[in-house]
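S.K.: Whenever a hint applies, use it, and build me the whole structure from the sequences.
So the protein lines, in turn, are chains A and B.
For the first sequence, the numbering used here gives the first residue as 377, with consecutive numbering after it.
For the second sequence, the numbering used here gives the first residue as 377, with consecutive numbering after it.
I should point out that these hints are in silico values taken from the structure, not numbers from a laboratory.
Take these hints with a grain of salt, some might be off.
Since the list can't tell identical chains apart, any single copy or any two copies may satisfy a pair.
In silico DSS-like pairs for lysine-lysine, Cα to Cα no more than 27 Å straight-line [unchecked claim]:
#1 K718 - K512
#2 K712 - K512
#3 K550 - K413
#4 K1104 - K1010
#5 K526 - K1062
#6 K1010 - K512
#7 K691 - K1104
Protein chains: 2
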Amino acid sequence: MENKLTQHQSKTIVFLPILYVVWSDRTLSNQERLTFKSFIKAIDWLDEEEKSFLFSRLEPDSPPSRTEMEDWYFTIRRFIHEEQDFESLSAMGIAILIGQDKELSQTLDLDRIQNQLKKLEIELGIIGQSAIYLFKSEHPTVTTTHSTEKVFEVEELAKFLEAGQGPIIERVKKIISRSSFAYVDPSDLNFYRNQVLEWCKIIADEGLGKIGYPKEVGGDGDMEAYFSVMETLSYHDLSMVIKFGVQFGLWGMSIYSLGTSRHHKKYLPSIGTLDLPGCFAMTETNHGSNVRGIETTATYHHKDNSFVIHTPHEKARKEYIGNAAMHGKMATVFAKLIIDEKDYGVSAFVVPLRDDKGKLWPGVSIEDCGRKMGLNGVDNGLISFDQVVIPREEMLDRFSSVNDRGEFESPIASDNRRFFTMLGTLVGGRIGIPRSALSAAKSGLAITIKYSDTRRQFGPEGGEEVPILNYRMHQRRLMPWLAKTYAGQFAMQYMTQRFLDRKEEEMQEIEAMAAGLKAYVTWNTTALLQECREACGGKGYLSENRIDALKNDTDIYTTFEGDNTVLMQLVAKSRLGAYREQFENMNFFTILNYVASKTKTSLTEKNPLIVRNVDEAHLLDPDFHRNAFEYREKDVLDSAARRLRRLIGDGMDPFDAFNVCQHHLVNVGKSYIERLVLEQFNAKVKEVEDRSFGPVLKKLYDLFALSLIEENKGWYLEQGYVEGVKTKAIRKMINQLCWEIRKDAVPLVEAFGIPDSCLAAPIAFGR
Amino acid sequence: MENKLTQHQSKTIVFLPILYVVWSDRTLSNQERLTFKSFIKAIDWLDEEEKSFLFSRLEPDSPPSRTEMEDWYFTIRRFIHEEQDFESLSAMGIAILIGQDKELSQTLDLDRIQNQLKKLEIELGIIGQSAIYLFKSEHPTVTTTHSTEKVFEVEELAKFLEAGQGPIIERVKKIISRSSFAYVDPSDLNFYRNQVLEWCKIIADEGLGKIGYPKEVGGDGDMEAYFSVMETLSYHDLSMVIKFGVQFGLWGMSIYSLGTSRHHKKYLPSIGTLDLPGCFAMTETNHGSNVRGIETTATYHHKDNSFVIHTPHEKARKEYIGNAAMHGKMATVFAKLIIDEKDYGVSAFVVPLRDDKGKLWPGVSIEDCGRKMGLNGVDNGLISFDQVVIPREEMLDRFSSVNDRGEFESPIASDNRRFFTMLGTLVGGRIGIPRSALSAAKSGLAITIKYSDTRRQFGPEGGEEVPILNYRMHQRRLMPWLAKTYAGQFAMQYMTQRFLDRKEEEMQEIEAMAAGLKAYVTWNTTALLQECREACGGKGYLSENRIDALKNDTDIYTTFEGDNTVLMQLVAKSRLGAYREQFENMNFFTILNYVASKTKTSLTEKNPLIVRNVDEAHLLDPDFHRNAFEYREKDVLDSAARRLRRLIGDGMDPFDAFNVCQHHLVNVGKSYIERLVLEQFNAKVKEVEDRSFGPVLKKLYDLFALSLIEENKGWYLEQGYVEGVKTKAIRKMINQLCWEIRKDAVPLVEAFGIPDSCLAAPIAFGR
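M.R.: This is how it looks when you write it as structure tokens:
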């Protein structure tokens, strides 16, 4: 009976497609066999011999052999054309029967047979036309044919992203593209750190270190350019960027912001040329986030008008100090000022660490922090001072000083207020870090998206493999991050402008914004690079593809310049305090004016027409987005204020009350920042409506807005701001936007303008 | 007028506490000044001189000096006792007035004055008693006094977690605690890789490499012990674990599972002793996830009964192959078998790589994969074969062979089915990896929680700093991960038992479960270790504290042994196919029986009484949890099936349809796995109700269950399964559980029983 099905003239051939599909790369379940058998038993157009032959092909213990399956396949292919479309396997079976024996087929009621067979198909669970594809050697699918398109001028968008900083960005790109900037193996700490120092020297020689310093000391007085330099350098090695930031930003800017003109003249010229490498020594082992609590002392000696800098115990050493382990010669040291045994709070002092030959200064001990998760090109160290004497002039005296009579003087009476005012002048660091993080995020995205556009895995039956960027899940992983990166870019441009144009009375707002954006952007960068690593699979794990370094180097960005969780709470406290100063005081507990003044203004109403509105025009309407973001910002803030007021009013210690609400407070900070980012993104979209990249940018903006609403959909649903029907529509719209933006994804990452030599990852170049 | 407020006999002293609080470390806003001034103007119990003095103390341009503020503070402290409680600053002001001048106070209507002052306080936004704390030098708060307690026997819980594997676990712990296992600097690849090999040799000498092999070849036939060894080794260097897994698991078990007794006898004894280091060469550059598509060929030569192994082009090289770059002498190579130009699908072959002296075998080329993000102690390489000839006997012939007549033979006709059956025998690898991941997660948690229990930052005004683990946000970050880690432990114990007891007909379920749990546990580990890094701040970034290595070494766990996203889709397809075989076939598109058979069973009803039930007893009821998890699992699966059926039924290519639903399918997999994990956790809790650690385990279980419901609250709300009032109650309950479990957190990580020398991180030991 072996080949009856295909070789003899027989009505059984009508079952061929169904049999083939049922056996195709699987075993027959008992249920399927019984269904099939009782069907055959019941029909009246097969004779007993035919029926028992079919039964024999349904035995799980003797499945069709490989050869038999091949025979079946070729028989089917012989009788149907590649282009023929069938609505079911039954229809295909009928066509084969006719093809093999037209005469026989004319003796049968083919319509009746086909109807019966269709019932069998349904009972077996075979779906519509799907199985037909088994017999087509190749066919185009939507997934296969989707690919990168160029609908806008990449150069034009790139120029727009530069926001007027094109010349300095170009200058920096040329430098880091030189062969002397080829990446090095980071494994030998000594070698790597010296290479990083070399790179920084070249950059200083090009006049870029001092670019933010005032003209009087040889700089260009151009802080905007300074940020652009830091951002552009961040397309290259990030240890180099942090070393650059420590030297010219933290060390140099602390002299500039906390010192007065004699310090500027004395130190800034040689800091700007890197002839005087130095450190910013604030953090102590026991006091990272709670920096007000540092224990290093600077005790004034009236006898010789000097300060004695001293580390009282091991856990009061300055820790994680960049430039300390190998290269730093001096440091801005934060210490409690003591005069006549009275504590005058934290001030800053310039203290020597090493002499010109690199020998440690008497009384100074330095321990290497050793290997870190990343940034191993930066020589972090622990500094300890044993009664190190410095002259009175080395106190950075813009905000506090000791006069000729040995008395403390300050324009700001409160120690806390003075300390936070000092920190406030250093807010630039909190702008440089997220801008650097954004560059790292862009590199990660560019590598991953370019790779995903060419890397192929899987495909339709018999068809070519498909670029993995065509998979919906892959798009879901990457496209929202692309949108968030563009959003971050515009937000940081706005932040930078607000900082450059700052007025005294805006400082509290600007500090809160900088703290919040630093946390927001750096958290995003960490999560984005994790997604990139996984999206690149094993290739993403190889160091040559650079996601390793990008991820590990930026991992600490969420901690330094302020722990993100602490920062978000500060932002919340600032929002609660309605623009009061010194919001960095964690023990903020005296007054919660916000409640008194703000609960009077009613929240945006929930419109019953809106909560169920799923029109495409509505979902893509910036007014809807703005309203949703503002509603969340206000409601989260308002409820936090009410909750705190109730808890404290009920007699809870304010410290406990703030602790109970900590999670809530972080959300206050996040929702404020997200509203701000949305606003800036939308402003940019409006600005470029008529440009070639306008529509693509609008799509990215839509994706950003809807992604964030979706991330918070639990909250929105909880509040009754939207209903389930709307969140489902939003999910669908996000999928659609991801699918559409996929076509623009490669041009969108090319518009970042990252030099090829910096991107470097072989997978980004099809290698 | 300087000191009138405190030194002269004056009614103005009643304002002292309010004035002090208003000026305390902040500036006066214009609004506050105006409020204060108009209040003073209006009252009738101050004379003009007193009023104008008060006005003078409200000038933003001349704030009180530091000395004056101190005077105010000491005056207040002079008249009130530490223990005195005041309901407001006004009450305190009155008390001070009485204290300073009882006579004067008797001339005044103190009740009226106090009532007026209270109104001022409210207008200024001063809350209840909070400001009073400014004048108390120290006071206990709930947050300050919360700390680690021991309510159960750590040893008892530790023993329970061992699940009967105590002796082998102890044996392994003793080995990895030896001084020869001290961690080494991973920077020099050569040195590190050789050290890792040395460690593996010691482990092999202890008889632990062959422990899972059958007794006939010198093993113990104890696969359960093999998994316990791998899990326990994972408290130490993870490169060592992966090297161990490559040698004894992948290489050895491929010989065992795909070969027959002559291969076992020939190879397993020397593999088990590590005398024959080898590789598992499946993945190719162009085919990672879509492994069915590999292009390496094994062409049969009839003339001399041999196979020629060949790499057709560079992108068909075997990539990421562990043990290849330095130490491997042979490899199990997966290649397409070609006989007489006909392709018989993928089979496995034993192929030499190097001779006994370590020289490459003729025709074999190997390139080092170089530095990786982690696992740098493993020598991954790229292998290329140029017409390498091997005898017929070196084909691993359990599932396919070439007979004496040079004909292909196999008990499984379909190439696909055979291939996935072969892979199915290797499912053990997908159990070893998540168990190793769990150990890494435990190390990360132990380090982070022990550090957070001693690390102090911030505190109430005037009080001591507080352990950071007392902060709610910190608890929120870590406690759910502690619960998820315990949950993972029990789930993997169950998984292991199912695997050990497996019957043929359960294989499809077991494979799906292993794929899903591998993805679930390794994703969790990556996210958990990221949280640990950030929760430890700068200390978490230093390599000495080991989160660096734990995080970077395990990062690839989400990719190897199957990309997690691909695995979750396979799980979904298996669920859709209702336990059909060969579910690994990504082009699964023939039949969707699930819909036909399963939609008839109705889903769990949404009970209107349940959706708003916020009783504590209900929220902590395992029936509620089980119902919620099962409802989600069924609904997500059912809607995915309906969606696919509709799309395909409407004529969409099945490949496109599966792509459209990809995101949905991943959720099918996740919700299935999460239900399974919940079930196993709950079973364990029931088992130990009466043990000393029973109640703590129940709390962890509750936190696990509610955390997952909260993570999916958007979905639950969307479905109307719960209402906002309930999700809010769940959030509150989670906060409460985190707060309570914090007390048990240190004992709970101690119960993992990680040897101190392996944990190693200084911060875990208060250093």
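S.K.: Next step is simple, just say for each hint if it's right about the structure.
M.R.: Hints, one by one, checked against the model:
1. For the identical chains of this complex, K718 and K512 are inter-copy neighbours only, at 20 Å across copies versus 89 Å inside a copy, given an alpha-carbon limit of 27 Å.
2. In this assembly of identical chains, K712 and K512 lie within 27 Å of each other by CA distance solely across copies; the values are 23 Å between and 80 Å within a copy.
3. In the homo-oligomer, the alpha carbons of K550 and K413 never lie at most 27 Å apart, since the shortest distance is 76 Å inside one protomer and 62 Å across protomers.
4. Proximity of K1104 and K1010 under a CA criterion of 27 Å is satisfied in both settings, with 24 Å inside one chain copy and 18 Å between copies.
5. For the identical chains of this complex, K526 and K1062 are intra-copy neighbours only, at 22 Å inside a copy versus 61 Å across copies, given an alpha-carbon limit of 27 Å.
6. Taking the shortest alpha-carbon separations for K1010 and K512, neither the intra-copy value of 58 Å nor the inter-copy value of 34 Å comes in at or below 27 Å.
7. Taking the closest pair of Cα atoms, K691 and K1104 never come within 27 Å of each other, the shortest separation being 53 Å inside a single copy and 42 Å across copies.
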